[in-house]
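Visitor: Using the numbering used here, you'd call the opening residue of the first sequence number 1 and step up by one each time.
These are calculated hints, taken from the structure and not from any lab test. Warning: the hint list may mix true and false statements.
Capping the alpha-carbon separation at 25 Å, the derived lysine-lysine pairs in BS3-like fashion look like this [unchecked claim]:
id : residue 1 : residue 2
1  : K705      : K165
2  : K502      : K179
3  : K75       : K1029
4  : K1033     : K1000
5  : K1056     : K1013
6  : K664      : K683
7  : K937      : K927
8  : K637      : K664
9  : K26       : K1033
10 : K1072     : K26
11 : K1029     : K1066
12 : K149      : K502
13 : K673      : K149
14 : K692      : K198
15 : K714      : K193
16 : K664      : K179
17 : K11       : K703
18 : K635      : K623
19 : K138      : K150
20 : K12       : K1000
21 : K747      : K212
22 : K1000     : K103
23 : K692      : K714
24 : K637      : K220
25 : K937      : K75
26 : K15       : K26
27 : K102      : K138
28 : K637      : K165
29 : K167      : K96
Quick list of the computed label-pair ranges, beta carbon to beta carbon [unchecked claim]:
id : residue 1 : residue 2 : range
30 : G710      : A739      : 24 to 32 Å
31 : A478      : K150      : 47 to 55 Å
32 : S484      : A607      : 43 to 51 Å
33 : L542      : P805      : 19 to 27 Å
34 : G710      : E18       : 47 to 55 Å
35 : P785      : G98       : 44 to 52 Å
36 : E513      : M1030     : 52 to 60 Å
37 : G710      : R97       : 37 to 45 Å
38 : I947      : G843      : 15 to 23 Å
39 : P785      : E513      : 53 to 61 Å
40 : F631      : G843      : 46 to 54 Å
Glycine residues also receive a C-beta, built at the ideal position from the N, C-alpha and C atoms.
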Amino acid sequence: MPSFDHKKIEKKWQKEWERSKIYEVKDQPKAGRPRAGNFYTLIEFPYPSGNIHAGHWYAFPIPDIFARKKRMEGKNVLFPIGFDAFGLPAENAAIKRGINPKKWTYENIDYMRKQLRSMGASFDWSREVITADPEYYKWTQWIFLQFLKKGLAYQAVTAVNWCPKDKTVLANEQVVGGKCERCGSEVVQREMKQWMLKITDYAERLLSGLAKLNWKEEIKEAQRNWIGKSEGAEIEFEITGTPTYSGEVVFASNNQGKLKRMQKLFKAAGLAIKLKSPKEIGIKDFDVLEDGKTLAENSEKKARALAGKTKLSVLADDSGFFIDGAEIDPMMVKRNALNGKDEKSLSVEEIGALMLEYYKKIAAERGGKVDAEWRNSLCLVTSEKFAIHVEARRPVILTDKPHGAMDPSLPLRPLYMSRATGKYVLEQSEDEEMKELLPIIEGIKKLFTPSIKVFTTRPDTLFGATYLVFAPEHPFIAMGNEKSLFENKKEIDEYLKKAKSKTQLERQQGAKEKTGVELKGIKAINPANGEEIPVWVADYVLGGYGTGAIMAVPAHDERDFEFAKKFALPIRKVINPVLQHFLQNADSIASGAPASIAIEAECWEGAGELINSGSFDGMDSAKAKNEITKFVGGKIKTQYKLRDWVVSRQRYWGVPIPVIHCPKCGVQAVQDKDLPVVLPEIKDYLPTGEGKSPLAKAEKWLKVKCPECGGPAKRETDTLDTFVDSSWYFLRYCDPKNADAFADEAKIKAWMPVNLYSGGAEHTTMHLLYSRFWYKAMFDLGLIPKELGDEPYRERRNRGIILGPDGQKMSKSKGNVIDPDEYIKKFGSDTVRMYLAFIGPYGEVGSYPWDPHGILGIKRFLDRVWNLAEASAKKSLAKAQDLQDLAQRDGASRAIPQQRDMRVLANFGAETTESARLVRATNKTIKQVSENIEDFKFNTAISALMILLSDMEKGEGAKVDGVFSIFLKLLSPFAPHLTEEIWNKMRSKSAQGGPASGWKSIHLEKWPEFDPKLLEEDTFELIVQVNGKMRDKFEVPINISQAEAERLTLEREKVKLALDNKKPRKVIFVPKRLINFVV
RNA sequence: GCCCGAGUGGCGGAAUGGCAGACGCGCACGACUCAAAAUCGUGUGCCGCAAGGCAUGUGGGUUCGACUCCCACCUCGGGCACCA
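Work out the full structure: start from the sequences and follow the hints.
Guide: In structure tokens form, the structure reads like this:
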């Protein structure tokens, strides 16, 4: 059988389409309804690795089928393509083979462009976007700077995944099984300063936004799991014990007598702490009242001086405290806290409460936090330095009388004149002073033994918390070690060292085996029952999640249970499980699975009645969650697994982060007029090895003037993660050439949000989440029109993967790699794309082996199409190819509505029963192919086309010409070249006198519509069942009554046999389907 | 371990409460041919000569009727992995 010349045809039409730009799309924004008629279908753009593989063939020409159909349906379809052009492979090629990464990348793009064109996909190439073009990354940088200004981008020292071979930081997502996704070397943890994006701020919206999206539930679920929301409580545990305190404290008083008395108290309390006055450490101008300067100025100076001289500064009583090295004057605090209220009208407690509020406020403003508070005093711990302000809540006695005029009978001595009131403050007796200082001692103790917050999702099990565990990274461990809080410091140090040296891989592999060391010398107090419980450090607790410390409830947590078992820690059951699950499924369990399985499963999880929980005994665990949290003063809290997104990469081939570091002004954004910060050409692409980008070696580029002060400054040398580039490319497609903005608002309104986004399942938790975050952040910045909402993709579909013929993933080592080029050469692009469309359902994440024989079936099918066209041309049956022509012959106007096509055709075809049958078959095929394409079930659409082709081949006597042109249109999205060729051949022949002067693309034709009336049949095949088993079937009128159906059925021999003379107990009749006799 | 998805002929798959296996591959036989390839035609789940029986991972349930819905288990694929 002759085969069509795919080489000639495909090249010819690819050229024609390109020349005539039939796939270029206009924005067509309309006032009022800017999106009317517009349809945005998006495919993940490829990385230009340089070779097109079977995966590309699966990714691009298959959704093209959908895009083409939408276009034929009359939609104004945006179907763009571009290149995700930054990334490591280019740089690795540069390092390995000395090739310029830019050259490497752009040459690959040139090559891939040709390859992509050969697929016959209807991309609008005029909108091509390349992320490595300065015209593109100018806007990546610009948007980043908007984030920076909004506080969404920040720098922080953080433990990052470090690949020792690639010498770069990896995102969590790029670490696979503890190994570098790219090179496979083991990833280690390293502390480095990184640029981060605050994706965690959007955790809740990323979660709730999913609800309204038309995505598959499994994709949403994967994102939900990644965000990892859990609701629970934060509960504080006090730490006690008799630790040996040591260190040096500067007591902010030059009053020697007071210092001595204080030292006495320290001794009595067992604090081996040296007490010093400010004078002793060389601060002379301590007494702020003798100074003419304002209190605040003085305080700051003092604070700086103190901070440099001693590690821990305690400023107590009548002095201030530090926040991040700056001292706050308590008198000022008091004034501001009172905010005009009369001090005398308030009780001591009320004043204390107001001051506490104010402390919290300023602490928050400066990035610190009030970490603990207790009745008589305050403790403030900030992130880096910490300081304490202890204020005894004593009554302050004020008098107008000067020193000498005091009543000698009073045990008081005047101390100083209060600046705030102008009155004399009287100091109490020594004894009273000692009493007053006691809370200060307590405060200092508390500083060393602060209470620890834990996060738990099970506050209802608090009474069962029999020990407390810190993550090795918890700051308390380092602090406690430094202050010699622990008796077994050596053991702890060793454990920490071991834990730290573990690579991510080791930590994962040893996951099940619990290790840990007790922190001897301290205990924690279970706030629920006041019990003293041991405190441990163990690496099964993660530093990065929750508070980095947990309360362990071994009776109701599997991990705690294992740990407790190993180290012989007490286990206390506090929930009496209601076997809800068991009860619910009593039926099935009774007959099926053994009940013990269900009971065992209830051990860790689940609700129940509280036991061993004091006054909460008998309470339902769900209720107890809130009640116990309230009881111990805890806070309901929501935690997320999602971490902030580390976007900096110490690599060359990426978007330079557009900031400047100035020694005077700090981090400065590059000004808009200086964007883009162009990636400089360099010679040596190797990273520095200390984790700096190769850009650090580009000295000329590096040195720059500070945009703020004009002084010498340096550029940031890190580049952005490529996930940043791909987080907004779909916006640039809307307006790819815009030099004044990332995209014009009207054009964004014309296209966004994306109607349908097709891509690989591997991007579910990375690209898809990142770009949703990015879009939401842009939305909040006002860069996305409000009416579009804050979700970029309305519908998302993940595709599966193509395996090698052996059913394994294709890999060179397995030798099962399919080279699509080979098949293109042999069979042509139409055959290959159609075979891949036929291989399995595209909307499901299946994996389909490439069957080298299977493709022959498609090749045969297309050959048959070709031959049928040739044959009908020869028979000159093809005079009225086009339905429009038919319609004209029918006397109707040219503008006949599509939905009437079938009726027109029916009139023509109904000359014979065979023709009528064919017309009906065609009508059905239109319906099925249309619906199947919509659902991405290209396999069944093709199956329907195959059936119709067989019908046409068989229907020799039938008038098939009109049917054939409908068939061609239905086939055209699948085999765009072949159908275009046949279509135009037919047209030129029907237009008498040789080839038509111009050609008319089938791809711009209207998509056929079916006639619902023609779907209706007069008869149907009645299925006869006896007890649900099919026994017979026969043709009956469509609207047959049950009685009639019964009568006819019971007459039939087969039925009589099956019924075996028994009388039916019940008859079920389903109209248009079946009749079922139950005996 | 947890979460998600899937288990149907020799193979890819179809049918989402009503004829299990559409369509394609493969295979067998036939036609054409000196012959082969290609092409066309017929057949093709398993057991059975047949009538008939058995069949959608396994066991149970719901239903007149289950590949389809429910429960439990098994296997495979993907994701996460000590997230308290």
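Visitor: Taking the hints in turn, state whether each one holds.
Guide: Here is how each hint holds up against the structure:
no.: 1; hint: K705 / K165; result: violated, 34 Å
no.: 2; hint: K502 / K179; result: holds, 13 Å
no.: 3; hint: K75 / K1029; result: violated, 48 Å
no.: 4; hint: K1033 / K1000; result: violated, 49 Å
no.: 5; hint: K1056 / K1013; result: violated, 37 Å
no.: 6; hint: K664 / K683; result: violated, 31 Å
no.: 7; hint: K937 / K927; result: holds, 13 Å
no.: 8; hint: K637 / K664; result: violated, 40 Å
no.: 9; hint: K26 / K1033; result: violated, 56 Å
no.: 10; hint: K1072 / K26; result: violated, 48 Å
no.: 11; hint: K1029 / K1066; result: holds, 14 Å
no.: 12; hint: K149 / K502; result: violated, 38 Å
no.: 13; hint: K673 / K149; result: holds, 16 Å
no.: 14; hint: K692 / K198; result: holds, 23 Å
no.: 15; hint: K714 / K193; result: holds, 16 Å
no.: 16; hint: K664 / K179; result: violated, 40 Å
no.: 17; hint: K11 / K703; result: violated, 52 Å
no.: 18; hint: K635 / K623; result: holds, 15 Å
no.: 19; hint: K138 / K150; result: holds, 19 Å
no.: 20; hint: K12 / K1000; result: holds, 14 Å
no.: 21; hint: K747 / K212; result: holds, 24 Å
no.: 22; hint: K1000 / K103; result: violated, 40 Å
no.: 23; hint: K692 / K714; result: holds, 14 Å
no.: 24; hint: K637 / K220; result: holds, 24 Å
no.: 25; hint: K937 / K75; result: holds, 20 Å
no.: 26; hint: K15 / K26; result: holds, 21 Å
no.: 27; hint: K102 / K138; result: holds, 17 Å
no.: 28; hint: K637 / K165; result: violated, 40 Å
no.: 29; hint: K167 / K96; result: holds, 14 Å
no.: 30; hint: G710 / A739: 24 to 32 Å; result: holds, 28 Å
no.: 31; hint: A478 / K150: 47 to 55 Å; result: violated, 33 Å
no.: 32; hint: S484 / A607: 43 to 51 Å; result: holds, 44 Å
no.: 33; hint: L542 / P805: 19 to 27 Å; result: violated, 44 Å
no.: 34; hint: G710 / E18: 47 to 55 Å; result: holds, 51 Å
no.: 35; hint: P785 / G98: 44 to 52 Å; result: holds, 48 Å
no.: 36; hint: E513 / M1030: 52 to 60 Å; result: holds, 59 Å
no.: 37; hint: G710 / R97: 37 to 45 Å; result: holds, 42 Å
no.: 38; hint: I947 / G843: 15 to 23 Å; result: holds, 21 Å
no.: 39; hint: P785 / E513: 53 to 61 Å; result: holds, 55 Å
no.: 40; hint: F631 / G843: 46 to 54 Å; result: holds, 52 Å
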